[in-house]
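Number of protein chains: 2
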Amino acid sequence: MAFSAYDASLAHMAAVVGPGHAITDAGALRTAETATFLTHQHVPGIIRPGDRREVQECVRIANRFRVPVYPISSGKNWGYGSRVPAADGCLLLDLGRMNRIVDFNEELAYVTVEPGVTQAQLYDFLRERGSNLWMDATGASPECSLIGNAVERGFGHTPYGDHFAHCCGLEVVLPTGQVVETGFARFPGANAASAYRWGVGPSLDGLFSQSNFGIVTRMTLWLMPAPEYFQAYYFRCEEPEDVSALIDALRPLRLDHTIRGASHIANDYKVLSALEQYPWERAGGRTPLREPLMREFRRELRIGAWNGSGALYGTRAQVKEARRLLQRALRGIASKLQFLDDRMLRVASAFAGPYEMLTGWRLQRMLALLRPVYGLMKGIPTAHPLASTYWRKRTPPPAAMDPDRDGCGLLWASPVAPADGHHAHRLTALASDILLDHGFEPMISLTMVTERSLACVVSIAFDRELPGEDVRALDCYHDLMQRLASDGYYPYRLGLAAMAGGEQPGAYSDLLRDIKDMLDPAAILAPGRYVNTENVASETVHTLVTKVSS
Amino acid sequence: MAFSAYDASLAHMAAVVGPGHAITDAGALRTAETATFLTHQHVPGIIRPGDRREVQECVRIANRFRVPVYPISSGKNWGYGSRVPAADGCLLLDLGRMNRIVDFNEELAYVTVEPGVTQAQLYDFLRERGSNLWMDATGASPECSLIGNAVERGFGHTPYGDHFAHCCGLEVVLPTGQVVETGFARFPGANAASAYRWGVGPSLDGLFSQSNFGIVTRMTLWLMPAPEYFQAYYFRCEEPEDVSALIDALRPLRLDHTIRGASHIANDYKVLSALEQYPWERAGGRTPLREPLMREFRRELRIGAWNGSGALYGTRAQVKEARRLLQRALRGIASKLQFLDDRMLRVASAFAGPYEMLTGWRLQRMLALLRPVYGLMKGIPTAHPLASTYWRKRTPPPAAMDPDRDGCGLLWASPVAPADGHHAHRLTALASDILLDHGFEPMISLTMVTERSLACVVSIAFDRELPGEDVRALDCYHDLMQRLASDGYYPYRLGLAAMAGGEQPGAYSDLLRDIKDMLDPAAILAPGRYVNTENVASETVHTLVTKVSS
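Protein sequence lines, in the order shown, are assigned to chains A and B. For the first sequence, this note's numbering gives the first residue as 1, with consecutive numbering after it. For the second sequence, this note's numbering gives the first residue as 1001, with consecutive numbering after it.
No wet-lab data here; the hints were simulated from the structure. Ideal placement from N, C-alpha and C gives every residue a C-beta, glycine not left out. Some clues are possibly wrong.
To be verified - Partner residues are not named here, just some residues of chain B that face chain A (Cβ under 8 Å, in silico): (1) 1178; (2) 1213; (3) 1257; (4) 1337; (5) 1417; (6) 1511; (7) 1530.
Can you build the whole structure from these sequences, using the hints too?
What follows is the structure in structure tokens.
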């Protein structure tokens, strides 16, 4: 009985998706069970449906046998759990084969995609068509799913950086196998289905982000017309506490849309980890890297305690005026404010030496870092930031990076603060202290993700191959999350390690549970992902899996 | 038994809110039952809770006696049903007394309000504090509730025009009487509760807009920092079909944020109705006003078939560049492109005669119309547009206008189209034909409410005191709504007359009904409002009310 539920559902699902797409190979399963931090969840099988109908069939089979399924789009949820399910014993529903670009409109600037469509795929699609539209990209990797990131409410670096604010028309397979489309998309022939978010009646889009209420099998993403002119800017602040004045100076420009994109401000540790691996030799083999040595690196590499980047988009006159306002706002607050456009970047690359002499800027070294960040602000995907997951490794990153496979340790905590200098400083100082106390380098970035808020990302980078480090890193993570919450800084997104806690008891968690129970009576969809429930299926399954794996 | 359910619940609610706030006076009830079009719903009583706790108590009493309640904020839902409940026999829960401004932050540019806070109240609040922040205002009236409009996803005229896109942190009384707060607001001491919309986990805000899933008792509204410089623009197109090229010319500017506000384009009928009442004499007492006579008015009043207005916000240099881009885009497409700022408006008012001579613009007459529209683009509430509801009346609007009381007939249909010239023309031509066929003037506006969409508002204005006109207007409305939907233009918002239809059967309506049944098992909250249900309470009540009123 115990075995037959999995066997039977796998057999039925294999009949739906084709035997080649029902995977129980031990190596593949172990890969699916591996994240960039310690997890215990077992994955008894991987199912790769090819279209929405197959997803529906699989979900119906899951209900019939009460076996939980866990959808992933590309599974590149680095730092938050990669492709590992939130609960033990879930069949992984890998939507990667569903990679069609279903609709595209140059004039209204949108594209409708399936969950398997990656950042690189959309980028190539737009370029091949000679489109004048830019996508937004995250730094995670070119192979990331667009929908996967949007439903996690991830963010990128262009004016369309708040991904879930720039999409509409979700097609969702509910846990029962029924399909709904949100907004106007539910009506036949609705002309504004991809142009207008709300539709009519209650707006349901939000239900299907950061939840286990449904499987998004299609979504419209809005794209940004390429500006006539683009100019990136870079600046730095010398001391950690300068972040306070900096945020207060930038906020008015973000609020009045002079800065339309999501300005990105990284601390010294974050920049160093993007440039190099851990300086084992100079640190005498000891960790963490503490302030005195960090100060040396700041001086040598000419990086600040805080290092900002962002971009200005518009006509030449619009950019010129934005530049004037930015210069005025940062005067006396940030130093080395530099601007860079396509022409200058070409020149700089060609004549890095003389340019360096003229500007006093160590261009050669910085160009390697700048180029991917510059591209991200134009929505060009890059694998570059992945390299920093190898920070604590003793060998350099391989050509084909795979943090999961290579035992790179990475835990991301992402608290949100108001776009207010006092909060920016309090939050980052607190996070820095906690990480150093636990023996990790506080790599921190602040992104002005909306007009009023900062998304802070704190990376705990470690070497999973070092004995005990997995546990030490998780201890640090939990301590960090708890102390940030005590101070009122709650995360915009949860990693697997934080989901186990669940909502605090109360009316809100009751409401979430009631919605979950109503939508998913058999609790077969992604149990434990953001929303907990009475969880009949996964409890059953837990017992089963214990048997299977023992 | 039949009578006692109402009597008992009214008595219990009166004990909660105080006897002076439980109203059963026949005149007050008749007022509550009166909209700007034909309705049949009876209102057996009005309850005016003073705070959230009293709302919770009333909802619990409603559950106990299975008597439906229907919340209104200010009840100024003109054209869509005023304060009349969607179902018969609902106790009106009038939230007007809950009018506290709970929180305000000048730096982060937000305000947290209760449902009774009106546009005028917030405007005065900001002015009294010497705040540098602008609110967004609708043209409905200064006495409109901010929350009421936001949860209906109404729109105004500034860059913050899409109201539901510029709010967060909802406090909601659920139909069971429990309270939830959305986003980070549910966590104790969350610093970003009013600054960041999504919070963590599923985003529930959308559930409580255009629905009967809960009563919003508090909400944070984002405000816009006043720009250094403001300039309004006006233009016109001569022929109805010019709207096509016009929208295609404006769309790129809206997409690239050169135009940040919601440009507003009104047809000739709409402008005429804002300037004057129906020209009974010149039309020989006949309706509708047809093209030949309309053409005369266009010539005399120097109005176009389409008349656009909008505004540019920024520094002087930013506005100057936006102005150049707008002039370039509209060249050969629109005529009489005029710009107006505060100084010019003062000068124009003082020297209207000479200015008129110089510019060839009939300024005297237009200033009366321009001033309120100009103010709306700065977020200044106005009662002026209300006057047009008296269009078909034979007597002028009174000083204290009240369309419900005065028998003004108004039905608003508000289809959405993509921001595409072809659609703009097809939609407006179709609406025009339908209204004229039914004997009404097609007063139409198009608002570029988001980067990719047009909110079209079609007004059916009539005189309710004319026998048969109520029915003729509703016939026209239903014909219009149905034919627009057949052509793929669905409304962004429903009036009472459209709610009766309910969702088309299918997975989506099943989902809405399941959510409703789960949240409101006794079906006591606003039955029939956007979402239908098995509706136990209101069926019971229907029987009761028939008895009461017979």
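Hint check results:
1. 1178: holds (4 Å)
2. 1213: holds (6 Å)
3. 1257: holds (6 Å)
4. 1337: violated (19 Å)
5. 1417: holds (6 Å)
6. 1511: holds (6 Å)
7. 1530: holds (5 Å)
Hint compliance for this structure: hint 4 alone is broken.
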